[in-house]
Structure formats: C-alpha cells, structure tokens
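Participant: One-letter residues, chain by chain:
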Amino acid sequence: MSPSPHSPLPLLAARGLTFTRNDEPVFGPLDFVVAAGEALLVQGDNGAGKTTLLRVLAGLLRADSGEIDIDGRTAQASLRSRAIAYLGHLPAMKADLNALENLNFLCGLHGRRARQLPGDALGMVGLAGHEDSLARQLSAGQKKRLSLARLWLSPAPLWLLDEPYANLDLEGINLVNRMISAHLRDGGAALVTTHGAYAAPPVQTRMLALERPA
Amino acid sequence: MNGPSLLQAGSALLVRDLRLLWRRRGDAFQPALFALLVVVLFALALGGEAQALGKVASAVMWVAVLLAGLLSLDTLFRGDADDGSLEQWILAPVPLAWLVAVRVLSHWLTTALPLILAAPLLGELLHLPRDQLPVLLVSLALGTPLLSLLGAVVAALTVGMRRSGILVALLALPLYVPVLIFGAGSVARSAQGLDAVGALLFLGAGLVLALVLAPLAAAAAIRIALH
Amino acid sequence: MNPVLLWFHQLGSPPIFDRFAARWAPWCYAVAFLLMGVGLWQAFQVPADYQQGDSFRIFYIHVPSAMMSMLVFGLMAAYAAIALIWRIKLCEILAMACAPVGAAFTVITLVTGSIWGKPMWGAWWDWDPRLTTELILLFLYLGVTGLYHAIDDRRAAARAAGLLAIVGVALLPVIKYSVVWWNSLHQGQTISLFGDSKMDPSMQLPFWLMFVAVQFWFAGSLLSRARADNLRRESGKDWVAKLAAKS
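Residue numbers (our numbering), protein chains in the order written: chain A, 19 to 232; chain B, 52 to 278; chain C, 38 to 284.
Next up, chain A with everything else stripped away, as it sits in the complex:
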C-alpha cells in the first residue's frame, strides 16, 4: 500500500484486535491500517462481525485484546471522539423534532465543519424543502439522507459507515459514493461495511474480509 501524500502516519491502525461475546470469538486477531485518502471496504456474511468491528473502532465496545492507533497515537476517548464520525444502523434522529432541529442538535453535540450550515447540508442530500418536516414524517430513505447530512457536517476525518447504502434508492447510493469520494479527496478516510457486492465506493478501496473464526 503506497503511503498517502497527506500524512506519513496512517489515520487508523489496528493491531491484533480480537473480540468475543459470551466467550464465543466474534473476530480476530485483525491487523489493518487505513490511510488518509483511502477507503477500506469490510466484507463478510451476516454475523461475521462487521458491525461489531466498527463499534469497537468507534469506541462503543472494548476489544478483548489488541491496540488501535489514530494518527500514530494510542486512541483514547477524547482523541477518538474528535477523529471519528460513526453512522450506525439506528438513525439517531428524534421523531418529534424536524430535520433542521435534529441537525442543529447533533452539530451542537459533535461540532460542525467550518463554513458549512445545516440548511446547506439538507440541500446537498436532496432534502431541501423538508427543513420543517418532523423526523417521524420522513420515509426510511429520507431518514438515511438526514443521517448523511449530519455526516457531511461532521468535522471528523475518519468515517465509520455501517451499511450506508441500506434503505437508499439508486440516487441515494450515488449520493453516498459522491460523499465518500469528496471526503477522501479532502484527506479523510472511510471504513465501509456492506454485506453484498451491490454497491461499493468507486475510489481507491481495499478489502478486508471477515470470516467467522474457526
């Protein structure tokens, strides 16, 4: 893997990661790096541990063994939270708030990229005109787009995307790919899980295949 021009150190480096649940091994030991400007596609069947891996990297779960480095430094909570934006299965949107209010809250919580506004983000993901729609009234695909808007506003360089193509139509899939490409061009990186080959980022992508441990 050629070193990225943006930084000599990989954005994310994982060494010897293992995880068990109820004393059953879920994955491991894993060693991989993600450099700035590249995407890592995590593939595996259902139950292979893709979601678990992303949650471990995000900091929601603790690995049983192994180390995670971010920008060459050991990933402590404060460093990790500033460096990572996590898009999980649940949309994290409050049903009783409208799209703009949801975005405003999440930006207040995580911080916002300079010069980007929630209103612009909505336009970017194709939800222009839905500022006042309550999240409850949005379809599954629209809720996903709202989550993508939040992602776009995030200042974090490393994106952990768990099944980002789920619930989206063809246009939505293209949107995700466009966002990932732009993010990588800006020096960010992305880890994407998908359990089928139906969609993948059209950029410099490496594969990480997870198999059920023997």
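Simulated from the structure, these hints should not be mistaken for lab results.
These numbers were taken from a predicted model, which means no experiment stands behind them.
Cβ atoms here follow ideal geometry from the backbone N, Cα and C, with glycine treated the same way.
Be aware that one or more of the hints could be misleading.
[As the list claims (entries may be wrong)] Beta-carbon label-pair distances, calculated as ranges:
#, chain 1, residue 1, chain 2, residue 2, range
1, B, L267, A, N40, 23 to 33 Å
2, C, F81, B, L122, 47 to 57 Å
3, A, R91, B, D246, 37 to 47 Å
Given chain A's structure and the hints, the job is docking chains B and C onto it.
Facilitator: Relative to chain A, chains B and C alone:
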C-alpha cells in the same frame, strides 16, 4: 480542530429536550396527575376526616412524589436508547457524565418541577397544616433532584432491558430510602416543633455529592448497558 | 515473580480455579459443620440469660449472620471493583456468587431477629433500626441478583450488577445512619434489643466458634457457587467436556 465546549453541547441538549417536551406538552402533567391519584386514593382509604389526614399529609405527599418520580424514570434514557441517540452521546467529544447531568436537569424540570408546583394544591386536599408547607416545599426542592440523580443511575443500569418494570423499583428503593427519610422526616420534625434544618442540610449535602458522583456512575452504567 | 502473585494469577485461569474450588469447598463445609456443632453445643452449655431466658441463645446465630450479611456485601463490592477496573473474569464470577449467599445470611438475620424479638415486642416485627437496615440490605442483594439475571450478556450483566453493588456499599452507611435517625425521630430513645451488650466471658467461646464457623460456611458456599458459574460460562470449552466425560 476543537470540539464543542461543555456549554455549547450542554445547551444544545437542554434546548433539544425542552423542544421535545413542548412537542408533547401533555406528557409533562403525567407525574403530577399520578401524584394526585395517589393522594386521592389515600384520602379515600383513610376516611377523608381532616384531622386524621392532616397528621399523615406530609408523609403521603412525599410517597406520592417519590412514586411519581419512579414511574417517570423510564422516560429518562429509553427514548434516546431506542433511536440510537445514546450512542451518539457516548461518541461525542464532551464527557458523557456531563451530558447525563444536563439530561437529568431537563428531566427534573419537566417531571419534578410541575410536582413541586402542584404540592400546595395536593396539600390542601390532604388538609396539610399550613405551617408545614414551607418545610415540605424546601424538602421537595432539595429531595426531588436527589431522587432524579439517584434514579438516573438505576435507569442507566436498566436502559437496555425491555420489561424492567418492578426491577427498576426494586433497585431504586434502597437508594431512595435515605432521601425519603430525611425528606419526610424534616417535615415530621418541624411538626413536632423541633428544628428541621439539620435534616434539610443533610439533603443538601447529599444533593451536592450526588451532583458530582451520580452522573459519573450513570455514565459508566450506560457504557456497560450499551455494550 | 513473587510466588504468591503467581498463584493468584494462575487461579484466574478457569480450569485451575475449577480444580481449586472442587478441592477446597468440601473441606470448608466440613470445618464449618464441625465448628458449628461445637459452637451450638457450647451455646446450650452457657447459663441462660437472666433477663431473656433461653430465647437469648438465638443471639449465637443472629449476630454472626448479621455480621456476615454486611461483610459479604463489602466483599462483593470489592470483587466487583476489581472486576470493573482490571476486567478479571474470575472476580466477576466471585462477586456474583457472593450475592445469593449474602442474601441468605440477611434472611437468616431477619428471621432469627424476628424470633428473638417476639417475646419482647409481642409481635413478629418491629421497626427496630438494625432490622430495618437488614431489610433494606436484603432489597439491595435482591436487586443485584435480579439485575444480574435480567441481562443476557453474562459479562455485561456481571459488570452492571457489580456497579450496583459498589453504589450500594457506598450508600450503606448513609442508609444505616438515616434509619437510626428515623428511629430516634419517631420512637424516642428506645433501647435497642440488639444493642452492643457487653459479652460475658462465658459467652465469648461459643460466639467466636460460631463466627469462625459461618466464615468457613461462606467460603465453602462461595467456592461451590463460583465453580458452578465458572463451569456454566466455560461450557463450550474442551476442558469442561473432558471433565464431564471423566465423571
């Protein structure tokens, strides 16, 4: 790049919660309504005679407020746990304990404050002696945040569970006992003509300790529960 | 490495702990039975209390049980703290094994306290500060056990219940103080039935025999329960299958 400051994140959460409450304004009255039900049931069971009711009024009110608070604990974290918001709190660049503290504050404002405001009315229904009302109100003002903070630890421990019901009550009871004792006890002491300040100071001290320690414990519990 | 530390470290390994517990639990029970037998026999040798007569003899069961109910809670919290900070699985198991045993001691304390008090109070229950505290302690134990069994993931369950135990142990002195205060508020200065009575020298021997006996009983119970939980958790592993094939 620097993340949001504590104040920014905290006020974003507070604004969100107040907005959410406004969208479901009716829900704010539920704890007060429940306390009213408890008071009515006690009055009916005790026979409605003014003297008899007045003797137990402050104790009944404390129990009613405690039970109403217990019932409302479920709404503290469950909504955010269900839609994935709690995960984003853990991932935020501000300490989880801080977010928990702000959440408990907004929860107290929306569930316990209406109770305290309704207390004089409930007191009238129970023929609470007038001179006991100020002490009762102070004890509630100090005690209900303490109940919210201790309850937050219990709610955090059970946040992942589906039908936690009676388990929450069982877990909360031992933690609530000292608050109930000093809260209701302060009014009892003043009724006996003794000084209630000591008991109230205990509540106050407990509140200060809980303000610091309870969010930390609840944050640890949330991380465990979301594992 | 220090041999004691090495031994502790090895004990954390599930198969080694299983052998250790299987070996020592029966001995603990045996010593406990022996000491209890002697202790109770001695308890009946001691002259009857001049005020309370023979019913005072229940003191020899009640007080050791009460002390154990408190000690076990503290031990449970200590194991839980170690398990949470250093993530040692064995300490999780030990902490959770403490809970039912401690709860049993609490129930024994309450029942014997009730029996002891009946001749004095004329009723089966009185809101004596010590008994009231024991009752709340029972609720704490039940809460820890209930929480442990309500969560599916065994490790998360042990950690959550352990955190509750730590919170409980921190609040226990507060609870005790508040109950004592409450009692003085509503019932005046009653002389507690189970007050710190000075022990006549003749009472010392049976009391200390019983006290040591319950410690051994507790150790035996703890090892047995911890061993069972350990086996259950490791049930998928080879060494457990081999063990089952042997017996």
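Participant: Which of the listed hints are broken here?
Facilitator: 3
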